[in-house]
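Taking the hints into account, I'd like the entire structure generated from these sequences.
Protein sequence lines, in the order shown, are assigned to chains A and B. Mapping to my numbering: the first sequence position 105 is 107, numbers consecutive. Mapping to my numbering: the second sequence position 202 is 347, numbers consecutive.
Just so you know, these hints were derived from the structure itself, not from any lab. A hint or two may mislead.
[Said to hold, decoys possible] Below, a sample of chain B positions facing chain A; criterion: calculated Cβ distance under 8 Å:
(1) A191
(2) A194
(3) D344
(4) V349
(5) V350
(6) P352
(7) L355
(8) L363
(9) V365
(10) W369
Just so you know, even glycine gets a beta-carbon here, dropped at the ideal spot from N, CA and C.
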Amino acid sequence: MSAPVVVTRSAGRAPGAARGVLLVVEHCWVWYRRNWRATVVSSVLQPLLFLLAFGVGFGALVQGGAGAAAATGGVGYLVWLAPALLAVSAVQTAAFESSYPVLSGFKWNRVFHAMTAGPVSPGQVALGLIAWVALKIAGTGAVYVGVIAVFGGVASPGIVVALLVAVLTGAAVAAPVTAFSASVENEGTAFSVLFRFVVIPMTLFSGTFFPVDRLPGWVQPLAWVSPLWHGTEIARAAALDRWQPLAALGHVAYLLALIVLGAALAARLFTRRLQP
Amino acid sequence: MTAVHEPAARSAASSVALVRLLVPAGSYAGRSHALLIRSATASRRAWLAFVSGFFEPVFYLLAMGQGLGSMVGVLPGPDGSPISYAAFIAPGLLAASAMNGAVFDSTFNVFFKLKYGRIYDAMLATPLGPVDIALGEIGWALIRGGLYSLGFLAVMGGFGLLVSPWALLALPAALMVAFAFAAVGMAATSYMRSWQDFDLVTLVVLPMFLFSTTFYPLSVYPRWLQIVVECLPLYHAVELMRGLTTGAVHTGMLGHLAYFAVMIAVGVVVAARRLDALLLR
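Next comes the structure, spelled out in structure tokens:
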């Protein structure tokens, strides 16, 4: 004999739109507070190693060369590279954090089903995840700015603006990738293809390590669709005080458009997958 | 007929005997080829992920060779004569992709099969031993790595970066490098407890990729750092490849080969013993 099931009205109230998103962010934060050590390698050490290898090592190789001076506009290679690396690490963190963890929430630990069984909507889950990635990039990026400063890569206080730009760039990658991951059923091929054919070429061909005009003419238009290229252009302009207001506005508009479109699509796909 | 086949059969038998000397009894049935067939069948459905591995070093070569090259100009090659930056990094990327492919295959993939897929437990229910599994997995990683290396060498040839007939030996050399990393990677995987431990793999592989003279010569480092780099396996792989593709071949390169022979021997023996302990006890 089992106890009779009594159905009562829930005592809780449905959270408002913003509150629902914040609850998802809080969920991520609680997880992160316990497991942050696991992410130190990818979010801090990895960009640090790239800074050492290219900024310091490669920088020493090209220092004083005419080719390098022409490419960087006269500043040291490390100073020129640092704001771009900030944007790269934001993009890589964003791509990773919105791929496997999102599939995991749907498929392995199914935490999204648990969240939406409560009064949080699928759209709020999607927005909360994107907001969390942006927050995380802000945190790790701040640490990274400190590291850059130690190695002498900071030219002006504009690096703080570059950090904000990196967060914006990361969000512009996180939103569409979250949407993509919501449509992925099987981890086998989709994410390898995403990383190898989108993230890695984006990292290499977006003007991080050398100006885009050093590439053959037919490759250059690829940079125009790359959020990382737009982010790098503004981050570098901010860090080196080389503002071109009209161009900067265009880059910011492109990144914002990616965030809005990506987030809307992600919210839609989350709803479709969680409330079929 | 028999006269032709006998020596081959005898050497196969003696290699089986050698493996039996090194590994625990009853763990090797001489059937590791069954694993190769399984892997080939399993990867037919993930062909795009399979093929994509080839593109990664090609993207690096295109971007870095052109873009970074425009800042560097020419560099001193292994024998001191100047070479273009593309010719400098291409062999480095070949070595690095042999390492990355082998390490990825022998760590992430093997760990997943070991802990989650439980594929090896199923295999051990057949007449296969842990050593068959170790050799079969390493063999598959080698076939894959060999195809990638061949493709990359073809791309290098297309760009005119293979200037010496010694470059023909770059493929077997890449296979030896991949074998060494796969064997050690598999041995390391057998000690891993959770996915968190894979950060350690990144921690070993990424610095090697960045600092083992792949992108710039050893001369930019202070002397003490040069000695550290010279101890790393990828450094020896890069030196080997750079010597072969530019034709600057000398007897000292046998030292690099010896380094990888030791890695292979240690890796295979440790991996076999550990798999035996993990799966059969």
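Hints that the structure is at odds with (numbers, increasing): The structure breaks hints 4, 5, 8, 10; every other hint is satisfied.
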